Amino acid sequence: MDLMPAQEIAMPVLDNTVQAVLGQPMSIGAFHQAVEQLSPKRLRKVLSRVVPLNDQDDAGVTALMRAVRSGNVDKIRLLLACGADPELTDHLDRTALDWAVSRDFIPGIELLLNYGVDRGYHPKYPRRPMDADLPVFEPGPEAWGEEMLPQTIGRALLDISIRKLAAQEDPFRPIPAIGMVRSLAALQLFLDEGDPLTDAPLFARCKYLGLEANGEIHCSRDEYLESGARVFGKTNGEVIKNPFYTDMVHSAASATTARFHFESWLEDCLPEGTPIWSNDRVGISLTRLANGNWVQIGGQYDDAPEYDYCVYNDVIEYDGRGEFTIYGYPKDVFPPTDHHSATLINDHLYVIGGLGDFIDDDLQQTNVYRWNIQSKQFEQVVTQGQSPQQLFKHTASYDPHRQAIIISGGKRHTDVSKPAECNEELFVLDLRNNTWSEVKV
Numbered sequence: 002m003d004l005m006p007a008q009e010i011a012m013p014v015l016d017n018t019v020q021a022v023l024g025q026p027m028s029i030g031a032f033h034q035a036v037e038q039l040s041p042k043r044l045r046k047v048l049s050r051v052v053p054l055n056d057q058d059d060a061g062v063t064a065l066m067r068a069v070r071s072g073n074v075d076k077i078r079l080l081l082a083c084g085a086d087p088e089l090t091d092h093l094d095r096t097a098l099d100w101a102v103s104r105d106f107i108p109g110i111e112l113l114l115n116y117g118v119d120r121g122y123h124p125k126y127p128r129r130p131m132d133a134d135l136p137v138f139e140p141g142p143e144a145w146g147e148e149m150l151p152q153t154i155g156r157a158l159l160d161i162s163i164r165k166l167a168a169q170e171d172p173f174r175p176i177p178a179i180g181m182v183r184s185l186a187a188l189q190l191f192l193d194e195g196d197p198l199t200d201a202p203l204f205a206r207c208k209y210l211g212l213e214a215n216g217e218i219h220c221s222r223d224e225y226l227e228s229g230a231r232v233f234g235k236t237n238g239e240v241i242k243n244p245f246y247t248d249m250v251h252s253a254a255s256a257t258t259a260r261f262h263f264e265s266w267l268e269d270c271l272p273e274g275t276p277i278w279s280n281d282r283v284g285i286s287l288t289r290l291a292n293g294n295w296v297q298i299g300g301q302y303d304d305a306p307e308y309d310y311c312v313y314n315d316v317i318e319y320d321g322r323g324e325f326t327i328y329g330y331p332k333d334v335f336p337p338t339d340h341h342s343a344t345l346i347n348d349h350l351y352v353i354g355g356l357g358d359f360i361d362d363d364l365q366q367t368n369v370y371r372w373n374i375q376s377k378q379f380e381q382v383v384t385q386g387q388s389p390q391q392l393f394k395h396t397a398s399y400d401p402h403r404q405a406i407i408i409s410g411g412k413r414h415t416d417v418s419k420p421a422e423c424n425e426e427l428f429v430l431d432l433r434n435n436t437w438s439e440v441k442v
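Under our numbering, the first residue of the sequence shown is numbered 2, with each subsequent residue one higher.
Take the hints with a grain of salt, since some may be wrong.
[Said to hold, decoys possible] When the alpha-carbon atoms are kept at most 25 Å apart in a straight line, the in silico BS3-like pairs for lysine-lysine are as follows:
1. K332 - K242
2. K125 - K412
3. K377 - K242
[To be verified] Between beta-carbon pairs, the in silico distance windows are:
4. P197 - I29: 32 to 40 Å
5. Q381 - P244: 29 to 37 Å
6. R433 - Q365: 21 to 29 Å
7. Q381 - V232: 20 to 28 Å
It should be emphasised that the hints constitute simulated quantities derived from the structure, not laboratory data.
Since this is a predicted model, take the numbers as computed values, not measurements.
The C-beta atom is built at its ideal place from N, Cα and C for all residues, glycine as well.
Kindly produce the complete structure, drawing on both the sequences and the hints.
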């Protein structure tokens, strides 16, 4: 049975379908319309003839994307079997998987993941640069979850906004599909594939950890004025009980949101130069422990206004059911860090590298600290050998046979007068003697 009554199918589609059966060419527009409107059975007959299977329309849209939009997994499966290329991108740089994610089309996401499509980390085709200077809508809590969007701003606008936010950092950076998920069901599919929770949108991460993530701040103005500023811990692993901090974690509100909420700007509240504490950060690490808890370390808040810019050195441990504990540290015990790696080895998290406030750092050294999951305390690991120097945005993995942490990718600062360079080498930290070595790739 057709998905739509035959009389509602446009005549050009029917005419071109007949032409295809006769072996004559079929236009892209007619074929795409057929993909959306015909039943899988009738579409199979069309596909048995010569059709523009991977041709793209003026917006770069493919037949496979049209099948995703139709919400029919049988059509997606049929097109893939006939040779449809799932890695092609439209003019917003979205693949068929991105289309499925933006529609929260769970069966389509699952099918494409099982097919083995790229999830945005290793794109088959070069990405288009995004203009980071164009106005951007930053998705908030109202733009995530069951009630999200096309009604307010539309899926395409949200997708391009997410990409522009990333483009402010790197206009050519691939955007992983997990970064656009709209539901916990979709998020779980990507986590099952091994994608990091840190790549998910802030509000998706918060929902996954059992937090409200509604952007609402409930503490009083007095509590805000008393405890809104970022402060360092006084001891190694100090438990910080702060009503404003707690509110900010539960709500996922930004420092800017807090300033607007309390109508609070430089002249009337916190000491000048003191950033408002926020858990809306980039460059965090988020690691799952054996007991199911998640440990978040550091991160950076870098949103307007500039006086709230901050790199953090705190730790937040979540139980995954909405409860959490914030731990603070003196700056000389554990320096503020972001874009580091955190590797779980037995009872310790090894925190390596990070950008931080690099102007104050020794670029010849690679920061290595380890966090004890029992005592909640940090200790510095003094290393020797040929380190990667200041390293950030890298990947770390543990090799139990070698008792070593393997570092790859990311960027390195080797000279304060020069921009960071891509790390094209492998570095190995032997934990038996805390010695670095470089492996040429």
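Consistency of the hints with the structure:
{"no.": "1", "hint": "K332 - K242", "in the structure": "19 Å, holds"}
{"no.": "2", "hint": "K125 - K412", "in the structure": "22 Å, holds"}
{"no.": "3", "hint": "K377 - K242", "in the structure": "15 Å, holds"}
{"no.": "4", "hint": "P197 - I29: 32 to 40 Å", "in the structure": "38 Å, holds"}
{"no.": "5", "hint": "Q381 - P244: 29 to 37 Å", "in the structure": "32 Å, holds"}
{"no.": "6", "hint": "R433 - Q365: 21 to 29 Å", "in the structure": "23 Å, holds"}
{"no.": "7", "hint": "Q381 - V232: 20 to 28 Å", "in the structure": "22 Å, holds"}
Checked against the numbered hints listed earlier, the structure breaks none of them; every hint is satisfied.
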